[in-house]
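Residues per chain, in single letters:
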Amino acid sequence: MRQVFSILVNNHAGVLSHVSGLFARRGYNIESIAAGPTEDKEATRIVIVAFGEKTTLEQIARQLRKLYDVREVQQLAYNESVTRELVLATVWADVTKRTEVLQIANAFGANIVNISDETVTLEASGNDHKTRILIKALERYGIANMARTGMIALPFEGMTEDWEPLA
Amino acid sequence: MTTKSKRPTPLKKKKISGAEIIYRALEQEGVEYIFGHPGAVLLGLLDLFLQRSKMKHILTRHEQCAAHMAEGYARASGGVGVCLVTSGPGATNLITGITDAYMDSIPIVCLTGQVGTSMIGNDAFQEADIVGMTHTVTKHNYLVKRTEDLAKTLKEAFHIARTGRPGPVLVDLPKDVMLGEASFDYSDEVDIRGYKPRTKGHTRQIQRVAEAIKESKQPVLYVGGGVIHSEAHKELLKLAETANIPVTWTLLGAGAFPSRHELSLGMLGMHGTAYANKAVDECDLLLAVGSRFDDRVTGKLSEFAQKAKIVHIDIDPTAIGKNVSVDIPVVGDARQVLLEVNKLVKKQKRSLWQKRIDRLKDDFPLSFDAPDGSPIKPQEAIVALSEEVGDKAIVTTEVGQHQMWAAQFYQVSFPRQFISSGGLGTMGFGFPAAIGAALARPDKLAIDIAGDGSFQMVLQELATAVQYQIPVKVFILNNYGLGMVRQWQDLFMDRRFSEVGMEVAPDYVKLADAYGAKGIHVSDRADLRPAIREMVETPGPVILDVVVDQDELVFPMVPAGGASKNMILQDQRKKKPLKGKLSALPDN
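Residue numbers (this note's numbering), protein chains in the order written: chain E, 1 to 167; chain V, 168 to 755.
Simulated from the structure, these hints should not be mistaken for lab results.
Where hints are given, some of them may not hold.
When the alpha-carbon atoms are kept at most 30 Å apart in a straight line, the in silico DSSO-like pairs for lysine-lysine are as follows [to be verified]:
| id | chain 1 | residue 1 | chain 2 | residue 2 |
| --- | --- | --- | --- | --- |
| 1 | E | Lys66 | V | Lys312 |
| 2 | V | Lys514 | V | Lys474 |
| 3 | V | Lys312 | E | Lys54 |
All chains, full assembly: derive it from the sequences and hints.
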């Protein structure tokens, strides 16, 4: 299964490698990792998306909680949380293709950040679903270069304990 | 099959077990010896050593020594050393050896068994996250997750270990990966994105080096282990002789240049010769080749080779400019770069500089006193060994006073003749390294110049040496204690000797006898040389226990972090220091 971990850690050197090491030890690849400052100067939020067996991911979450510098671990389901990712993609699009690519960008609410003779560079943000469909649409033209921030996430506030997620 | 096609069906490769794949990969790499200690997860692989005889498995008595033997083999042969140990404690016991190899850039491949992939991370029996633990001490490491990846991974591991700046590579092998089956293909060329070590030096930089040599009046070559690794000794000799440049070396560089050569300055640094350190102080051009400006070499950085323009030739770009700022950096293989430099360098006489060097050698020779009736001096024991055995031997050392005396007084004349633990300073390195060296070079006599403290860390390997009748000689300079720490306490702690005495020690003759080896004990000067001859002439493993003067200190000495001009030249407890004479020297 695919799981989003939102991990609040003390802002100390070496925490990131400690956290990622727990995944590496099980031979699990981290699909994306994003870390940045929070409202608390001494804390960093690390958001990790990983694939793995459900029980193993659960075990990793428990081991994360054991780490000295980890304050809080949330395992987020998609429909319980707001998730966003920023994508920068440079797409092969000369004059013959440019209009089509711009239309796609428009449909996805993506900004155009650069245009050259042969390429268009787009900036798009959205949840996992949206970015995936956009990238698929752009792959037709050929993606020359792509950079993604990795997913960041926060839980939806106001969910009650007895709330049952759909599917 | 219903196909009627006449086309020959592509030859489907037969599937073999993961263990078999590992064995074949090692064969392809030309491995002669595997140093190891078994365990449950290795059963399939171990079984193959019974069936085949091309490669020989050496059963060590402790995994740490398997790593050191692999290092000794690698350093004596120039090839890659291999060790094979089981998961958990087997793997963790390797770590000191791996770190030693990392610090001294020794190519070894460490194969560690691992619990099955489904159990990894569950704290299974004899599980350790060895890949996680060795991240910072390996050049690279792998956890192999599929049998199909074994051959490619092993090929990469050997490639990474031996190319560029060499170093240890660890491959973690889960039990089920070794039991699984896959076809064996070892033909692919290794092509690793992001790993393309640069061996050829930049042409313009090489020209600048040649120009600097031409302009220099007082150059010094300061060479390290990189010259040995890249086999650049001939090119080094040619450069030194053509341009008349005196040569000093690091502990790892011993053997890169013949120590009896008139341009030889011996080792530099903390316990280097006074004339080497003085020459570096006075030089106007310092040509560092395959060396890394270690703190034991430079002492106080701000006062190191202050007057010199600095050239640094190294295959590792991160070594350049790490400790000192460099005027002419050249990234490349030492041999290839020196070959190019030699094409541009013309014959140059430097009679004034040579005269100055000769004067320094006359004024500040390496020396020691061995008056009649005194206990055997450790230095004289090394001189005697060097004179009796000389170039017939490959010498390894442990770590401590004896190591420094060996570096000072053993006359080393060819590369890979002197093998010592430099960067990590691992006590217990020399004996297993000598076993590895003895196997790598059966034409030479492997001698471990040992201290009693270091040897006691690894003496269980006597069993290994006897089991395989490896003719390794252990030459113990026995001062019944930890001499180097004692020396620091002597000099800097008002002779308060805390926790350095080892008066309770084995009777080494009985110890050797207990293991089925030969032991000789000497405490009288007159018996020293005959005992050395007996050691050399006795086949198989021999321990020669030489009781030496406990109070002898290693000089010269640059106190840690001090400047080489503040070097302590000799024992100030007995003699007036040579301070007056030092300061009377002209500045240049």
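Exercise for the section: If any of the earlier hints don't hold here, list their numbers in rising order. Expected result: Going through the list in order, the structure violates no hint and respects every one.
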